[in-house]
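Engineer: Chain by chain, the residues:
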Amino acid sequence: MKKGVLIAIVVAVLVIVILGTTTIVNYNSLVDVDENVELASSQVTSRLNQRQALIEQLVPTVVGLQEHALAIYTLITEAREAYSIASAAGDLAGMIEADAAEALAINQLLVVMEDNPSEIYAGEGFLDLMQNISGMEASIAYYRGLYNESVSEYNRDVRHFPKMIFASMFNFDGSKPYWKMNDGADEIPQIDFTN
Amino acid sequence: MMALMKFRKSISQTEVLRTKQFIVFLLLLLVVLTGCTKNDYPRPTKDYYVNDFAQILHPVTRDFILYEADNMYGYTEDIEGNGGTQIVFATFVVENVDDVFAYDLNALFNQWRIGKNDMGVLVTMFFTESVVDEITYLNLEQAYIVPGLQMESVLTPSVQEDLLNATLFGTVSDDLDVSVMYLLYELKELIYDQAYDLLYEWDETDIDYFVQERDSYVYSSDDSAMTSMSWLIFLLSPYSSFWDKAFTALPFVLMFLLSGGLIVRKGGGGRTGGFWIFRKR
Chain A
1 MKKGVLIAIV VAVLVIVILG TTTIVNYNSL VDVDENVELA SSQVTSRLNQ
51 RQALIEQLVP TVVGLQEHAL AIYTLITEAR EAYSIASAAG DLAGMIEADA
101 AEALAINQLL VVMEDNPSEI YAGEGFLDLM QNISGMEASI AYYRGLYNES
151 VSEYNRDVRH FPKMIFASMF NFDGSKPYWK MNDGADEIPQ IDFTN
Chain B
196 MMALMKFRKS ISQTEVLRTK QFIVFLLLLL VVLTGCTKND YPRPTKDYYV
246 NDFAQILHPV TRDFILYEAD NMYGYTEDIE GNGGTQIVFA TFVVENVDDV
296 FAYDLNALFN QWRIGKNDMG VLVTMFFTES VVDEITYLNL EQAYIVPGLQ
346 MESVLTPSVQ EDLLNATLFG TVSDDLDVSV MYLLYELKEL IYDQAYDLLY
396 EWDETDIDYF VQERDSYVYS SDDSAMTSMS WLIFLLSPYS SFWDKAFTAL
446 PFVLMFLLSG GLIVRKGGGG RTGGFWIFRK R
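Sequence order for the protein chains is A and B.
Residue numbers for the first sequence follow this note's numbering, beginning at 1 and rising by one.
Residue numbers for the second sequence follow this note's numbering, beginning at 196 and rising by one.
Derived by calculation from the structure, the hints in this document are not laboratory data.
Just so it is clear, the structure is predicted and the values come from calculations on it, not from any experiment.
Don't take every hint at face value.
[To be verified] Each pair of labels, with its calculated beta carbon distance range:
(1) B:Gly276 <-> A:Leu70: 38 to 46 Å
(2) B:Asp369 <-> A:Asp32: 52 to 60 Å
(3) B:Ala297 <-> A:Lys180: 22 to 30 Å
[What the hints assert, rightly or not] Chain B regions said to be covered by chain A (calculated; three or more residues, Cβ under 8 Å):
(4) 350 to 364
(5) 465 to 471
Heads up, the beta-carbon is just placed ideally off N, CA and C, and yes, glycines get one too.
Bound-form chain B, shown alone (with noise of 0.2 Å):
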């Protein structure tokens, strides 16, 4: 007790700083071997539903896709045993044909945790580049549904397959934008159907709206906006010291992690179990 005591009585202010500095420290490190985690696939978008890495889709198709996914999830979300359907798009562009083959599509539905109670469905397109003219067009190449656990019987491959020729291989529409609003509607109807018992009903004036509201469009600016962080922006500035970017990045750091990112909206924590197939186009 009196070696405890002269021990506290020996520690200095000094030594005060220095521990908080050591414990600040190994929390930043924390922070940086957290962030060092190693994921084989981009982490989705903010708007979660919509991943459009290769940038073909139309912003409209986008904000579609969000409201109708968006809508859907709340919709089921209560729904007690399979309740939480997320319906999520991702698209990639690809050097060529045989580069779809490395993508492992179940772990990155793993990743995304696609889906409330393993309801989840991940569509993913891939895309080829040609240049003609000097101007570069995106051709689609592979297109797949990989359904959640719990989606399987509703989402066979044979059924993923029909869905997929009716629609983004059909003649549906040359279209892309048209033909994925008819593979979403098309899967919000037979997952209503097959999976809850409840009607859903599109019929083809929601795609004359959809174009409709695509060619009155009016791009601006705001379209690519990112999200501003003007703190990070210090951060990373070379006029603040190490320990100011210790002490500021700290709250907005832990808050990040806390809230789950920035990412509003976020996955279910769905599993796939890897029922599905590649497709000959």
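Bound-form chain A, shown alone (with noise of 0.2 Å):
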């Protein structure tokens, strides 16, 4: 065999060596914050689920609470059905908006909560419901945070070079939605607490 074809073919070996290498590091890569962004996305639905259960218990317990009160309580309940909506669907940008208009709502009746608390105890358990229920906001806006991060993460590693030319070989998503909680605020209407 002649120097030149060996040469070609150690060349080609070696291309074609360092290519798949490339290939899988990037792909394995891309699989890891990939992952991490599901998992990230789990954790938070996983949190929201249980408040869901958390707000479910409340239920009984705020029977004949004041108009203002009673306002933002339907304004949970209407959050929280839309977020069953969304999350039945699979839809992530649904449930991201739900629970941004959930967690305002949510926000404000604590807020009430605190600044009358003779009026607003409402029943049996319902301080205890809603302390748990605030320390779940706490957890959920944990998760939010590392979910956010991964996404971050994932975000830029498909947008880099030269990720980005594997991303696109393999069909990965352009760029995932981060969970903004200002979506969906303002359509929280403003109320009026010293009425």
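These two chains come separately, so use the hints to put the complex back together.
Structural biologist: In structure tokens, the structure reads:
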């Protein structure tokens, strides 16, 4: 075999090995960040489901709320229904929006409760449930942060060169949505608690 | 093959030495870089269960916490599924109350990897300083109980609130050390009962025993004794050469890293889900 052919074969093998290794490394890296997003997303939705369960326990304890608190409570139940529909449809954007609306309404209810402890207390277990919901809100916020960090890493990876080539080659999503809390917030009407 | 043989033959003793030095240098660089890993919060103390950074707890309180927490971990460690409860106490001094909110307790919990099977509990206490007649006092401002992921069903935010209100912020005692002991015993009883369905009995005589031990405690110079690290002093001294430092340090550093550092007791690898609330006094 001629020396030139041998060199060509060696170079070709080297190129194949380098390309193969690069492909494997980049593909695995993309799978890792994609899985991280999925994991973080499932952690948030798991927490949201737990919050749903807590709110459902809250329902029987809040009969007789005053008008302004009842308005917030109505918002919570509406957001809860919206979340359930989005969750059943696997609509992440809808879940994020419903979560934002629900979180804002719950926070408003917490504020009302803190400002009017004697008026808002509605039934046995109400305060415990509100504290647990408050803790769940903190936990959801924590997991939202983790989700957004993983999304940020994913979005950077699929846009960076050369990973963008492999992301496109293996049909990874172009970018994933952040869990933005201002989405849907504008839909919550401001309530005048002085009435 | 010939080229390889020629290459091998051409390596001189000096080059071998340089290669060895280079490898050692790379190892040291790795060690230095590992040591430079950014941690937002201090590492736990060698006692692990008691991290009294505010230096407010009595030595006997620290010993009792250490004994009780270590005992609980040992007792529950082998329970399948949810074994390995670790109750860790940490105290911090902050300049003002608002500084408390800058502490990411979830990050601290996860950094310390408290509890096996996510069965950890982190109790944090924050103090501010006040000076009266040139004497510095520490005032308890905030306290939180951060549960591990699998401890959440036992230590819900409302239970956390009740425990803190009944002990550290309650009327059980004006004595911080006694209040801490009440909290520890209450936590143990609750966890044994709710998580393991086991009976843990304690009563006022345990508190009396603690007070008795504490009041009869004689302070000694050993209370603040540091672990002697003579090799480190040698390494830091100007009397050793660079290679002395490198070759002497390497085995210790490797042992240190492989054994998980100087900490005898360490975390079980637990994580928290952040299921707790910033409370108001």
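Engineer: Given a hinted range of 52 to 60 Å, is it respected by the beta-carbon distance of B:Asp369 and A:Asp32?
Structural biologist: holds (54 Å)
Engineer: Okay, the segment 465 to 471 of chain B and chain A, do three or more residues pass the C-beta test at under 8 Å?
Structural biologist: It holds: at least three residues are needed, and the segment 465 to 471 of chain B offers 4 whose Cβ sits within less than 8 Å of chain A.
Engineer: Three or more residues of the segment 350 to 364 of chain B near chain A by CB distance under 8 Å?
Structural biologist: It holds, with 5 qualifying residues against the three required.
Engineer: Between B:Ala297 and A:Lys180, does the C-beta distance stay in 22 to 30 Å?
Structural biologist: holds (24 Å)
Engineer: How does the Cβ-Cβ distance of B:Gly276 and A:Leu70 compare with 38 to 46 Å: does it lie in that range?
Structural biologist: Holds, at about 43 Å.
Every hint, counting from the list given before, is met by this structure.
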